[in-house]
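Trainee: Now for the letters of each chain:
Number of protein chains: 2
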Amino acid sequence: MEMRVTTTWHGKRHFSATGASGHTVSIDAKPDAGGEDKGARPMELLLMGLTGCTGIDVTMILERMRQPLEALDIEAVGTRREEYPQAFTEIHLTYRITGDVQPAKAWRAIHLSEEKYCSASASLSARIVPHLVLNGAPVPDPGVGDSAED
Amino acid sequence: MEMRVTTTWHGKRHFSATGASGHTVSIDAKPDAGGEDKGARPMELLLMGLTGCTGIDVTMILERMRQPLEALDIEAVGTRREEYPQAFTEIHLTYRITGDVQPAKAWRAIHLSEEKYCSASASLSARIVPHLVLNGAPVPDPGVGDSAED
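Those protein sequence lines, which keep their order, are chains A and B. The opening residue of the first sequence carries number 0 in numbering that gives the first Met the number 0; numbering runs sequentially from there. The opening residue of the second sequence carries number 0 in numbering that gives the first Met the number 0; numbering runs sequentially from there.
Any given hint might turn out to be false.
Same chains, same label: a pair holds when it works inside one copy or across any pair of copies.
[What the hints assert, rightly or not] Under the rule of at most 25 Å between Cα atoms (straight-line distance), these lysine-lysine pairs were calculated in the DSS-like manner:
1) Lys104 to Lys11
2) Lys104 to Lys115
3) Lys37 to Lys104
Rather than coming from a laboratory, the hints here were simulated on the basis of the structure. Values in this document were obtained by computation on a predicted structure and should not be read as measured data.
The task is simple: from the sequences and hints, build the whole structure.
Mentor: And the structure:
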């Protein structure tokens, strides 16, 4: 099973990347790193891929659980090494869910994504720490063993 | 050192992700996975981040080495596990360089990126295998110890 992306240089630090899906994404460095800010930073794309991956999982799992999602956003905050290479060491993911969703089912969906389905999460070496805010209120992680189902 | 991205759900499997740089990227699943193909696949974004990261490094290093780059594209082919999570296990990066660039310097720039500077490469758990095609001809990897400088 393979996935392919081709990335083309456009001068200075500006690139465009196109995957097999046909979608093109612009990439650039910030001005103080010699770039012209014509696109997202490469490391932002890793966090975007991670949030998109787990977001797709969570919407699909909650749909199957018949939990009506009204809104969802996911914030990723990645901590990076100070020294080069400045890899992510820890990534905190905050899932903000609005809807008549049971807290235990929301956590169950998040754990299923992170532990079983999310290919992006499994491709990154950083420790990933999830958080849930449901209808504006933080809900502590019940832990894997305490989830509502199984 | 932190980096932040916020990703918002737009129904079905469609998301938009915005980083601190202000650039927004659209993410979606393919139709046979419940998506509407309104954006790149999450796993493509990981490869895009990787190619952009090493591409920025290589252009910067070759500039410092006064090697005149005319064109550069980088192709990433990621092999994924068949089972879930379908993480990348190996990623082949082919650097296609056009210009009056010395082969040993091109390889030196690639090795410096992969081993020392590229934060995306260091954030991924897959084995990364570089290849060089210089002015249309493949140039074998001289190996780290055999590079022209140090």
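Trainee: Please go over all the hints and tell whether each is borne out by the structure.
Mentor: Do the hints match the structure? See the list:
1. Lys104 to Lys11: Classified as between: cross-chain Cα gap 19 Å, same-chain 48 Å, threshold 25 Å.
2. Lys104 to Lys115: Classified as within; 15 Å inside a copy, 43 Å across copies.
3. Lys37 to Lys104: neither (40 Å within a copy, 28 Å between copies)
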